[in-house]
Amino acid sequence: MSGPNMEDNRAYAEQVREELSHLPAIRDLRFGQPLDYPTLAVRVDRVRAGQLGVTAGEVARAVVSATSSTRFVEPIYWRDPKSGRAYQVQVEIPQSEFQSVQDMLNLPVMLEGGRGPLLRDVAEVIPGTSIGEYARYNMQRMVTIVANVTGEDLGRAAEHIEAALNRVGPPPKGVRVDVRGQIAPMKEMFVNLQLGLALALLTIFLLLAANFQSWRGALVVLLTTPAV
-15 MSGPNMEDNR AYAEQVREEL SHLPAIRDLR FGQPLDYPTL AVRVDRVRAG
35 QLGVTAGEVA RAVVSATSST RFVEPIYWRD PKSGRAYQVQ VEIPQSEFQS
85 VQDMLNLPVM LEGGRGPLLR DVAEVIPGTS IGEYARYNMQ RMVTIVANVT
135 GEDLGRAAEH IEAALNRVGP PPKGVRVDVR GQIAPMKEMF VNLQLGLALA
185 LLTIFLLLAA NFQSWRGALV VLLTTPAV
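All the letters of the sequence shown, read from the start, carry residue numbers -15 to 212 under my numbering.
No lab work stands behind these hints, which were simulated from the structure alone. Just so you know, even glycine gets a beta-carbon here, dropped at the ideal spot from N, CA and C. Heads up, a few of these hints could be off.
To be verified - The calculated lysine to aspartate or glutamate pairs, modelled on DMTMM-like cross-linking and capped at a C-alpha distance of 25 Å, are:
(1) K157 with E(-9)
(2) K157 with E2
(3) K157 with D12
(4) K157 with E3
(5) K171 with D137
(6) K171 with E143
(7) K171 with E(-9)
As the list claims (entries may be wrong) - Each pair of labels, with its calculated beta carbon distance range:
(8) L177 with V152: 27 to 33 Å
(9) L179 with T23: 50 to 56 Å
(10) Q(-1) with W62: 32 to 38 Å
(11) V152 with S80: 28 to 34 Å
(12) V73 with L36: 25 to 31 Å
(13) S52 with G180: 54 to 60 Å
(14) V152 with V204: 46 to 52 Å
(15) S80 with N176: 54 to 60 Å
(16) D105 with A70: 34 to 40 Å
(17) N122 with V73: 40 to 46 Å
(18) I188 with D162: 36 to 42 Å
(19) Y21 with R63: 34 to 40 Å
(20) N122 with T39: 38 to 44 Å
(21) D29 with N122: 38 to 44 Å
All chains, please: the whole structure from these sequences, using the hints.
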């Protein structure tokens, strides 16, 4: 499901997943991206931060350095005096030190003159969820549903999936539904086989007509072919 509105994509994908879950041949049905990734939102109290002489940028720098790495806020390089080679030094707090929201609130905000207030003094931490990964196709954000097929051939499973999509109903405006995986190349292969067979029969018919000098005779011979 792809489209400009991610909420519409997910809402329709939820309906499709619910309908596909009733198909007996579908196994391991799941979303292809983490859609409810746990997050912590840091909301700075600008009034309180201003009273303590802390800016929002300094709070962001402290949080990013602690949770990710100092390389995202200020690259640090150390030159080996013996070899002269420069090495990048990255500093971060081990994940084992952050076990709860309280650990995050106790994070010190470092100022230029030294240690500043704790994060709890200038901001609040709000638990929530967010999309962990955005997948795109033709520059459009999309939500993918992946599954395996068991106990049934791929062609029959494709028919059941198409029927399930029809039962769900048309997607919202701007949302496009595409069935990919092994189903698309299988359908393309059968279309090419049918086209090749039709061209082969036409070629044989023209050769027979040229040989017998009769369209009717060529058609009779062609219709008596067991393969046809």
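A quick look at each hint next to the structure:
| no. | hint | verdict |
| --- | --- | --- |
| 1 | K157 with E(-9) | holds, 12 Å |
| 2 | K157 with E2 | holds, 20 Å |
| 3 | K157 with D12 | violated, 29 Å |
| 4 | K157 with E3 | holds, 20 Å |
| 5 | K171 with D137 | holds, 13 Å |
| 6 | K171 with E143 | holds, 11 Å |
| 7 | K171 with E(-9) | violated, 31 Å |
| 8 | L177 with V152: 27 to 33 Å | holds, 31 Å |
| 9 | L179 with T23: 50 to 56 Å | holds, 51 Å |
| 10 | Q(-1) with W62: 32 to 38 Å | violated, 55 Å |
| 11 | V152 with S80: 28 to 34 Å | violated, 45 Å |
| 12 | V73 with L36: 25 to 31 Å | holds, 29 Å |
| 13 | S52 with G180: 54 to 60 Å | holds, 56 Å |
| 14 | V152 with V204: 46 to 52 Å | holds, 50 Å |
| 15 | S80 with N176: 54 to 60 Å | holds, 57 Å |
| 16 | D105 with A70: 34 to 40 Å | holds, 37 Å |
| 17 | N122 with V73: 40 to 46 Å | holds, 41 Å |
| 18 | I188 with D162: 36 to 42 Å | holds, 37 Å |
| 19 | Y21 with R63: 34 to 40 Å | holds, 39 Å |
| 20 | N122 with T39: 38 to 44 Å | holds, 41 Å |
| 21 | D29 with N122: 38 to 44 Å | holds, 43 Å |
Of the hints listed earlier, those the structure fails to meet are numbers 3, 7, 10 and 11, in rising order.
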